[in-house]
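Dock chain one against chain two, each of which comes alone in its own frame, and use the hints as you go.
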Amino acid sequence: MNIVGVAACTSGIAHTYIAKKKLVTTGEALGHNIHIETQGTIGTEDKLSKEEITAADVVIIAADIKINGMERFKGKRVVEVPTSIVIKSPKGLITKIATDLGLS
Amino acid sequence: MEINNVREIINEQLINLNLKASTKKEAIEELTADLYREGNVINPKKFIADVYYREEEGQTGLGNHIAIPHGKSDAVKITSIAFGRTVKDLKWESPDGEPVHVIILFAVRNVDKTTVHLKLLSQVAMALADDDTLNRLLETNDKTEIIQLLSQEMK
Numbered sequence: 003m004n005i006v007g008v009a010a011c012t013s014g015i016a017h018t019y020i021a022k023k024k025l026v027t028t029g030e031a032l033g034h035n036i037h038i039e040t041q042g043t044i045g046t047e048d049k050l051s052k053e054e055i056t057a058a059d060v061v062i063i064a065a066d067i068k069i070n071g072m073e074r075f076k077g078k079r080v081v082e083v084p085t086s087i088v089i090k091s092p093k094g095l096i097t098k099i100a101t102d103l104g105l106s
Numbered sequence: 044m045e046i047n048n049v050r051e052i053i054n055e056q057l058i059n060l061n062l063k064a065s066t067k068k069e070a071i072e073e074l075t076a077d078l079y080r081e082g083n084v085i086n087p088k089k090f091i092a093d094v095y096y097r098e099e100e101g102q103t104g105l106g107n108h109i110a111i112p113h114g115k116s117d118a119v120k121i122t123s124i125a126f127g128r129t130v131k132d133l134k135w136e137s138p139d140g141e142p143v144h145v146i147i148l149f150a151v152r153n154v155d156k157t158t159v160h161l162k163l164l165s166q167v168a169m170a171l172a173d174d175d176t177l178n179r180l181l182e183t184n185d186k187t188e189i190i191q192l193l194s195q196e197m198k
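Line by line, the protein sequences give chains A and B.
Take the first sequence: its position 2, counting from 1, is numbered 4 in my numbering, and each next residue is one higher.
Take the second sequence: its position 130, counting from 1, is numbered 173 in my numbering, and each next residue is one higher.
Pulled out of the complex, with its shape left as it was, chain B reads as follows (with noise of 0.2 Å):
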């Protein structure tokens, strides 16, 4: 595993603990906002329209507090995720029905379909199917935890 592909995936930049966003919508919205920031999304607009093309083939909520809306776009130019957390209950379509409070989202890059980093952010997805792992993703404040727990499937 090269250090640096994980940092490029997920680093304490793209880490929100306290999002201001109190609708699903806004979420999507600010997340970008720090994928835009950090230069990983070229084009907020259209990258937000690809997350609501996916969000339109299925729900993205895991249930437990927690949603991964996704979207593969033009309009990203390094294939990363943005992690965000907020204490207000946002509506998010989910199996168990319950309001949302941890937001990743997936931003993948077009092209490139076999890069390392495609191959990480599957991992990212494997580490998100344990309960225990979903439960501190809800807790901690430790941003260094938080990049432990999404990497520790990565080999």
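So here's chain A without its partners, still in its complex pose (with noise of 0.2 Å):
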């Protein structure tokens, strides 16, 4: 399936970029296409575009904090989960997205 995603802690400096990177290597060890932004204390990077997000099946919000630019899901299937749920079971996390999305 297609996901994207937008990781951000509270502090953004370390597990915004742990919850991507395990996102991106779990999604893709899985067949998935992934793309994933962070929204850190560095600011934006690896910005979703509307290519990737209008391709999505599903957006996953990996987040303790709100984050910016929610409204660009709007009429998505979003997934919201805290940063520690992916830090811990990022393949039990996507193995069962797919499976409620039927696309496993």
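Source of the hints: derived by calculation from the structure; they are not laboratory data.
All values reported here derive from a predicted model rather than from experimental measurement.
Ideal Cβ positions, reconstructed from N, Cα and C, are used throughout, including at glycine.
Mixed in with the good hints, there may be bad ones.
Quick list of the computed label-pair ranges, beta carbon to beta carbon [claimed, not checked]: (1) Lys88(B) / Lys68(A): 27 to 37 Å; (2) Glu47(A) / Asp175(B): 21 to 31 Å; (3) Ala92(B) / Lys78(A): 39 to 49 Å; (4) Gly33(A) / Glu72(B): 44 to 54 Å; (5) Lys88(B) / Ala57(A): 49 to 59 Å; (6) Asp175(B) / Val83(A): 35 to 45 Å; (7) Lys120(B) / Lys68(A): 23 to 33 Å; (8) Ser65(B) / Ser91(A): 25 to 35 Å; (9) Glu141(B) / Gly33(A): 24 to 34 Å.
No more than 25 Å apart at the CA atoms, straight line, and that leaves these computed lysine to aspartate or glutamate pairs for DMTMM-like [as the list claims (entries may be wrong)]: (10) Lys68(B) / Glu136(B); (11) Lys120(B) / Glu98(B); (12) Lys90(A) / Glu141(B); (13) Lys134(B) / Asp66(A); (14) Lys90(A) / Glu100(B); (15) Lys162(B) / Glu81(B); (16) Lys90(A) / Glu99(B); (17) Lys76(A) / Asp59(A); (18) Lys93(A) / Glu136(B); (19) Lys90(A) / Asp139(B); (20) Lys198(B) / Asp59(A); (21) Lys67(B) / Glu99(B); (22) Lys49(A) / Glu196(B); (23) Lys67(B) / Asp66(A).
Take a look at the structure:
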């Protein structure tokens, strides 16, 4: 499936980037296309394009704070989780989402 | 990647494989003392207070016996990390409830929000997303390997 998402944590220093890396590594290993934007202290990186969002089957918001640009995902299936869930069990999360969407 | 920047972020002097600490508080204090000695932190007391401010906002244990406390603080002169390891079981809030043996303390300057250093720190964090990397960090006694492991995502 096509996955887009945003990662953001409280201080924007570490968990944001661990979560992004785990989502991308795990998503790709499971055969999905995945793009994750980070919103950290350094600012927004790997910003999602309109095309990526349009093509996405699901949006994963891995965040401990309110993220910027939530309106971009209006009408999409959005799964919101804290970064801790992604860090602890990325495979379980993505597998469950795929199953729930009937796309596994 | 500027090799000098990597060495400012992490170097052998900021790696302590035999922490004396037997509690989370002592570990943070001991690693802060290393950062102070190297001139990266100018006010240890204030820095520790800012680390604890972050601790209040959510757990910094990653699981797999690793924790990443961090402080964004005016007391930091050079954005950098201190690496500490102990054979003792440190009690730490972690997703798997396991004791912590490796502590990677991130010291971040309050200003200069778009520095190269901050980018490098985010790449250190990305390196910690890999379980094999975490296992090596728990085992190796080679400080050069620790630096390589932490900088593997730097491009």
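task = With a cut-off of 25 Å on the C-alpha distance, tell me whether Lys198(B) and Asp59(A) pass.
result = With Cα atoms ~31 Å apart, Lys198(B) and Asp59(A) exceed 25 Å; violated.
ask   = Taking 25 Å as the top limit, are the C-alpha atoms of Lys90(A) and Asp139(B) close enough?
value = holds (8 Å)
key: Glu47(A) paired with Asp175(B), Cβ distance criterion 21 to 31 Å   = holds (25 Å)
task = Quickly compare the C-alpha distance for Lys49(A) and Glu196(B) to 25 Å and report which way the hint goes.
result = holds (19 Å)
Glu141(B) versus Gly33(A) beta-carbon gap, inside 24 to 34 Å or not = holds (31 Å)
inquiry  = With the threshold set at 25 Å, check whether the alpha-carbon distance from Lys67(B) to Glu99(B) stays at or below it.
reply    = holds (14 Å)
inquiry  = If I claimed the Cβ atoms of Ala92(B) and Lys78(A) lie 39 to 49 Å apart, would that claim hold in this structure?
reply    = Holds: the Cβ-Cβ distance is about 42 Å, inside 39 to 49 Å.
key: Supplied distance hint 44 to 54 Å, evaluated on CB atoms of Gly33(A) and Glu72(B)   = Holds, at about 46 Å.
ask   = For the pair supplied as a hint, Lys90(A) and Glu100(B), is the alpha-carbon distance within the 25 Å limit?
value = Given pair Lys90(A), Glu100(B) holds - Cα atoms ~18 Å apart, limit 25 Å.
message = Check the hint pairing Lys90(A) with Glu99(B) against an upper bound of 25 Å on the C-alpha distance.
response = holds (20 Å)
query = Are the Cα positions of Lys76(A) and Asp59(A) separated by 25 Å at most?
reply = This hinted pair holds, its Cα atoms lying about 13 Å apart.
key: Satisfaction of hint between Asp66(A) and Lys134(B), Cα-Cα up to 25 Å   = Holds. Lys134(B) to Asp66(A) sits at ~23 Å (cutoff 25 Å).
Hint check: violations occur at hints 6 and 20; the rest are consistent with the structure.
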